[in-house]
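There are 2 protein chains.
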Amino acid sequence: MKALLLLGCPEVPSQTPMAIYAIDKLTDMGYDVTVSSNPAAAKLVKVSDPKKYYKHENVNIDNFLDQVEGSDFDLILGFVHKDSAATYFITYCTLMTDVKAIALVFQRDSSLVEEYAQMVAQSTDAEIIKSKAYHNPNPIRVSLDKALNKLKEENNN
Amino acid sequence: MKALLLLGCPEVPSQTPMAIYAIDKLTDMGYDVTVSSNPAAAKLVKVSDPKKYYKHENVNIDNFLDQVEGSDFDLILGFVHKDSAATYFITYCTLMTDVKAIALVFQRDSSLVEEYAQMVAQSTDAEIIKSKAYHNPNPIRVSLDKALNKLKEENNN
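Chains as they are written, first to last, in this note's numbering: chain A, 1 to 157; chain B, 1 to 157.
Hints are supplied without guarantee of correctness; some may be wrong.
[Said to hold, decoys possible] 30 Å max Cα-Cα, derived DSSO-like pairs, lysine-lysine:
| hint | chain 1 | residue 1 | chain 2 | residue 2 |
| --- | --- | --- | --- | --- |
| 1 | B | K2 | A | K51 |
| 2 | A | K52 | B | K152 |
| 3 | B | K152 | A | K150 |
| 4 | A | K46 | B | K51 |
[Claimed, not checked] Covered stretches of chain B (chain A as the covering partner; in silico rule of three or more C-beta atoms under 8 Å from a C-beta of chain A):
| hint | stretch |
| --- | --- |
| 5 | 14-23 |
| 6 | 98-108 |
| 7 | 149-157 |
FYI, nobody ran anything at the bench for these hints, they're computed from the structure. Model, not experiment: these values are computed from the prediction. Every residue, glycine too, gets a C-beta built ideally from N, C-alpha and C.
The whole structure should be built from the sequences, with the hints applied where relevant.
Structure representation (structure tokens):
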């Protein structure tokens, strides 16, 4: 199975830790993980794992949009903590309509969490998990764990 | 040999990736690494390495101040990207006057880089490496590499 992990802009301190965490979880579930991000976010992931223990492929978020096809992936997992990240997530979902998609929406401001969740809900069939968090990765991690455990059950059925 | 890595507040997105990077480099140089940070920064490091490949001990930055003694460590490496981080670095250096100390000062604003570097220079004998960087970890990584390569030569002599 193949999973596409979409990262947003790098200014949220919990994004890079959560990216490594998600790569690890998805790998344990049997997915080959491709991370799609801008160059700054990719550099942070690279520095985060100097010995490359957490295996994944890296692609540029803009270039990859021109190449990707629906049949390339079994799962899209997107980190949505900005307008632009929501837009990217929606664009990828539009290109891969039949692929299972999960949006992990997080922000320190709960009105922004609702705003981004609504943006995603209006334009995709994605499962949306919401978390009011920024510095502290634990609420985001717990939400992701729940969504991935549910997915694991779906995959087994 | 033992190294103490001091982290600052967790809001800088490059801090956690650079912490893992530094743990890895120091371990390769033969140091046992202890990371001293506040609970939020520690959680980010933990999520960043779910399989615990990058070995280190964790201590709370406030509690540890009451316990630490000069003879406990051979190296202090501090990430200084805020007033409070500079103050912690200086406090630890004051408690361990004979220990080799390196301050890695980084901020997106070069006047803040200078301000924090001066704070550290006025109160410690630490080697100070400065980097105008925030999202992009590469300038910080390159500065750290240079300082650690120099330290490696000193350790070999």
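Unsatisfied constraints (hint numbers, rising): Going through the list in order, the structure violates hints 3, 6 and 7 and respects the others.
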